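Trainee: Sequence:
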Amino acid sequence: MPKLPEVETVRRILEPQLIGRSIKKVEVLNKQIIAHPAAKQFAGSLSAQKFSGMDRRGKFLIFQLESSARLFLHLRMTGQLLVTPRDYPCEKHTHLVLHLDNGMQLRYIDVRRFGRFWYIDSKETENITGIDKLGLEPFDKQLIAEYLKSRLFQKKKSIKEMLHDQSVVAGIGNIYSDEILYLCGIYPETKCTELSDTDWEKLSRTIPQELALAIKENKMSAEEYLAGKGKEYRNTPFLKAYGHDGMPCPVCGSIFERITVAGRSSCYCPKCQKMR
DNA sequence: CTAGCTTCCTGATAGC
DNA sequence: TGCTATCAGGAAGCTA
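Residue numbers (the working numbering): 1 to 276.
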């Protein structure tokens with residue numbers, strides 16, 4: 001559910017609500033979502049800490065703490081993060097509650113419990129989270145055709161699968177790989193070895209463009225965000241290919257088809273995205 | 001090194 | 001109505 005654009009929305013909305021707030025109490029309702037350190041230590045380390053900033057790296061959220069320790073969060077499929085008044089109704093599947101010094105609470109809700117938190121103290125290294133394995137941010141100036149080509153042109157895997165490889169470009173998931181390949185006119189199962197310089201060029205331009213558009217389309221107020229807490233992000237109106245199987249292509253009128261690529265459902269236009 | 005499969009988990013939906 | 005099967009997909013773990 002949350003993809004890079006939604007993670008960025010969460011960051012943008014929550015940062016002003018958290019900066020300068022300190023944590024009065026930590027309630028771990030489900031230990032499963034705490035990846036590091038053990039839940040008890042996690043809770044002990046976080047209490048009395050003060051938030052000083054919030055960043056995003058790929059699909060990770062990074063909470064900067066005044067002590068220079070950091071809190072990392074990956075929302076995976078169904079993670080949701082809300083700042084609510086203390087008497088706000090408690091959602092089912094709430095796994096972590098941080099009581100803040102202004103009477104608000106930072107709550108983590110996750111139906112499928114795939115999301116994870118890491119508390120990393122200033123003496124520890126961030127490899128614990130896996131974040132150091134991430135590749136370029138989609139908006140990095142180094143993300144040019146030559147970078148993609150040099151990283152991928154020898155790969156026998158499909159371009160669709162490689163767009164999901166977080167060690168190449170961080171932040172692309174199944175929805176945006178469908179969108180990007182549609183906009184580039186590339187059939188999802190095309191092997192990386194079959195792509196041309198024009199394809200690498202198109203990909204390098206489309207990746208930041210499409211993700212920037214998605215972030216823009218995701219703009220909402222803090223009130224709208226809280227009100228729509230359980231809202232599905234998928235199938236938003238600006239998506240052109242993802243989930244459109246059986247519907248006509250807005251460019252050529254052909255009917256979008258759906259195939260499975262590397263275990264992921266993929267929609268494509270059979271005319272605009274020709275098989276090589 | 002890669003390919004391919006499984007695991008984690010719940011809820012929505014399809015089919016009988 | 002009520003049961004079971006399937007699918008959704010991010011990322012890691014496993015086997016060959």
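Hints in this document: simulated from the structure, not taken from any laboratory. As the structure is a prediction and not an experimental result, all values here were calculated from the model. We put the beta carbon where it would ideally sit given N, CA and C, even for glycine. Please note that a few of the clues may not be correct.
Claimed, not checked - The list that follows gives simulated cross-link-like pairs (lysine-lysine, DSS-like), each with its CA atoms no further than 30 Å apart:
id, residue 1, residue 2
1, LYS31, LYS156
2, LYS141, LYS156
3, LYS31, LYS157
4, LYS156, LYS50
5, LYS191, LYS157
6, LYS149, LYS92
7, LYS156, LYS271
8, LYS191, LYS141
9, LYS149, LYS25
10, LYS156, LYS219
11, LYS25, LYS216
12, LYS219, LYS191
13, LYS157, LYS240
14, LYS123, LYS271
15, LYS92, LYS50
16, LYS191, LYS31
17, LYS141, LYS202
18, LYS156, LYS216
19, LYS50, LYS149
20, LYS123, LYS156
21, LYS133, LYS156
22, LYS123, LYS191
23, LYS24, LYS149
24, LYS202, LYS133
25, LYS24, LYS133
26, LYS149, LYS123
27, LYS274, LYS92
28, LYS202, LYS240
29, LYS40, LYS50
30, LYS40, LYS133
31, LYS123, LYS219
Said to hold, decoys possible - Distance ranges between label pairs, derived from CB positions:
id, residue 1, residue 2, range
32, THR236, ASP132, 29 to 35 Å
33, LYS31, LEU226, 23 to 29 Å
34, VAL251, ASN102, 24 to 30 Å
35, MET275, ILE19, 28 to 34 Å
36, SER52, LYS219, 51 to 57 Å
37, ILE259, PRO89, 38 to 44 Å
38, SER52, ALA262, 23 to 29 Å
39, PRO89, MET275, 46 to 52 Å
Trainee: Quick check: does the Cβ-Cβ distance between ILE259 and PRO89 fall within 38 to 44 Å?
Mentor: holds (42 Å)
Trainee: For a C-alpha distance cap of 30 Å, please report whether LYS31 and LYS157 respect it.
Mentor: Between LYS31 and LYS157 the Cα gap is close to 37 Å, so the pair fails against 30 Å, i.e. violated.
Trainee: Holds or violated: are the alpha carbons of LYS123 and LYS191 at most 30 Å from each other?
Mentor: violated (43 Å)
Trainee: Is it true that the CA of LYS191 sits at most 30 Å from the CA of LYS31?
Mentor: violated (41 Å)
Trainee: Hinted pair, alpha-carbon criterion (30 Å max): LYS191, LYS141. Please report holds or violated.
Mentor: holds (25 Å)
Trainee: Quick check on a hinted range of 23 to 29 Å for SER52 and ALA262, using CB atoms only.
Mentor: Check failed, 40 Å falls outside 23 to 29 Å.
Trainee: Check the following: the C-beta atoms of LYS31 and LEU226 are separated by a distance inside 23 to 29 Å.
Mentor: holds (26 Å)
Trainee: State, for the Cβ atoms of VAL251 and ASN102, whether the hinted interval 24 to 30 Å holds or is violated.
Mentor: violated (50 Å)
Trainee: Does the structure keep LYS191 and LYS157 at a Cα separation of 30 Å or less?
Mentor: Holds, because 5 Å separates the two Cα atoms, which is no more than 30 Å.
Trainee: Does the structure keep LYS24 and LYS149 at a Cα separation of 30 Å or less?
Mentor: Distance of about 50 Å is beyond 30 Å: violated.
Trainee: Within a Cα-Cα threshold of 30 Å, do LYS141 and LYS202 meet the stated pairing?
Mentor: Judged against 30 Å, a Cα distance of about 15 Å means the pair holds.
Trainee: Against the 30 Å threshold, does the CA-CA distance of LYS219 and LYS191 hold or violate the hint?
Mentor: violated (35 Å)
Hint violations for this structure: numbers 1, 3, 4, 6, 9, 10, 11, 12, 14, 16, 18, 19, 20, 22, 23, 25, 26, 27, 31, 34, 35, 36 and 38, all remaining hints satisfied.
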